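Participant: Chains as they are written, first to last, in my numbering: chain A, 1 to 122; chain B, 123 to 269.
Hints are computed from structural coordinates only; laboratory data are not their basis.
Errors might be hidden in some of the hints.
Said to hold, decoys possible - Among chain B residues calculated to face chain A with C-beta under 10 Å, some are: (1) V141; (2) V143; (3) R153; (4) G169; (5) N170; (6) L171; (7) S173; (8) P174; (9) T175; (10) P181; (11) R184; (12) I234; (13) S239; (14) R243; (15) V259.
These numbers come from a predicted model, not from an experiment.
For glycine and all other residues, C-beta sits at the position ideal for the given N, C-alpha and C.
Listed below, chain by chain, are the residues.
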Amino acid sequence: MVLSAHDKTNVKTVFSKVGGHIEEYGAEALERMFHAYPQTKTYFPHFDLQHGSAQVKAHGKKVAGGLGVAGALSKLSDLHAQKLRVDPVNFKLLGHCILVVVAIHHPSVLTPDVHASLDKFL
Amino acid sequence: MVHWSAEEKQLIASIWSKVNVEECGAEALARLLIVYPWTQRFFASFGNLSSPTAILGNPKVRAHGKKVLTSFGEAIKNLDNIKATYSKLSELHCEKLHVDPENFRLLGDILIIVLASHFARDFTPACQSAWQKLVSVVAHALARKYH
C-alpha cells in the first residue's frame, strides 16, 4: 500500500506524540500479541515470555526501532522471511496489537483518519 | 461448542456492562468504513461517505453501527450458543447482503481498538484476549451458513 503525504504526516504525528514511550509500547504490543495469539509464541521458544521479561522488553525496543527507520524495513523483511522464516500473517497480528497499545495510551491521537494512516503504515 | 472460562466470561461481561452501545457501535462502523474504504461498497445507499468527517456524522452509519453492536450483545448473552444466535444473520449476510466474511474479522478488530481507546489500562492483555476470542467466534458464526 502506498502512503500518501497525508498518511506520512499522520504517522509522524503518532511517533512524535508517543515520544520516549515507544520502546515500552513495543514491549506491550508483543506481550498482548503473545497473550491474544498464543501461536505467535512458537517463534520465541528461547525467550522468557512472562510479564516483565527483559527479553521481551529488549525485543520490543528492537521492533519499535525498526518501525522508525525508513530504510530498515526492506532488510528486516529479508531477515524475517529468509533467516527467521516467520509467516507474514503474524506481522498483521503484531500490527493490530500496536494499534491497540496506541489506542490505550493515546486515544485522542488515534482519530479515525490517523488510525487509517497508521494501519496502512503497519 | 466454544469453551469459555469463568475468567473470560467475567472479563467480557465487565467491559460490556460499561459500553455505550450506540456510541461504540457508531464509532466502530465509522472506523471500518474509514480505515478500510472498500467496505463502503456495502453501504452505497447510506448517502455521504465522502470523508472521515462525513462518515462519522452520517446518521445512517450511526444507526447501523448501533444495530450491529446491539446484535453483539446477543452473543454476549448467549456465549454458550453463539452459532445458533447468529444462524439467521449468517444466512442473511450470505444470501441477501453478499458480504465477504473477511469483513467480520476486520470489524471485530476495529471494535477491539475502539474498546481499547475507551477503556485504556482497564483493557488489560487478558481482557483483550477474551475479546479477541469473542470477536473471532462471532465472525466464525456469521460465516458458518455461507454456501
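Participant: With reference to the structure, classify each hint as holding or not holding.
Facilitator: These are the hints, each one checked on the structure:
For B/V141, the suggested interface contact is broken, since its CB lies about 15 Å from the closest CB of chain A, more than 10 Å. With its C-beta approaching chain A no nearer than about 19 Å, B/V143 sits outside the 10 Å limit, and its interface hint is violated. Interface restraint check for B/R153: the shortest CB-CB distance to chain A comes to about 5 Å, inside 10 Å, so the restraint holds. Against a cut-off of 10 Å between C-beta atoms, the interface hint on B/G169 is violated, since the closest Cβ of chain A lies about 18 Å away.
The restraint placing B/N170 at the interface with chain A is violated, with a minimum CB-CB distance near 15 Å, outside the 10 Å limit. This hint is violated: B/L171 has a C-beta 12 Å from the nearest C-beta of chain A, more than the 10 Å allowed. Interface restraint check: B/S173 against chain A, minimum CB-CB distance 9 Å, threshold 10 Å, status holds. At a threshold of 10 Å, the smallest CB-CB gap from B/P174 to chain A is about 5 Å, leaving the interface hint in force.
Given the 10 Å rule on beta carbons, the hint for B/T175 holds: about 9 Å separates it from the nearest Cβ of chain A. With a least beta-carbon distance of about 17 Å to chain A, the hint placing B/P181 at the interface is violated under the 10 Å criterion. The restraint placing B/R184 at the interface with chain A is violated, with a minimum CB-CB distance near 13 Å, outside the 10 Å limit. For B/I234, the interface hint holds, the least distance from its beta-carbon to any beta-carbon of chain A being 6 Å, beneath 10 Å.
Checking B/S239 against chain A: minimum C-beta separation of about 4 Å stays under 10 Å; hint holds. Taken as an interface hint, B/R243 checks out: its beta carbon lies about 7 Å from the nearest beta carbon of chain A, inside 10 Å. The interface hint given for B/V259 is violated, since its Cβ lies 13 Å from the closest Cβ of chain A, which is over the 10 Å cut-off.
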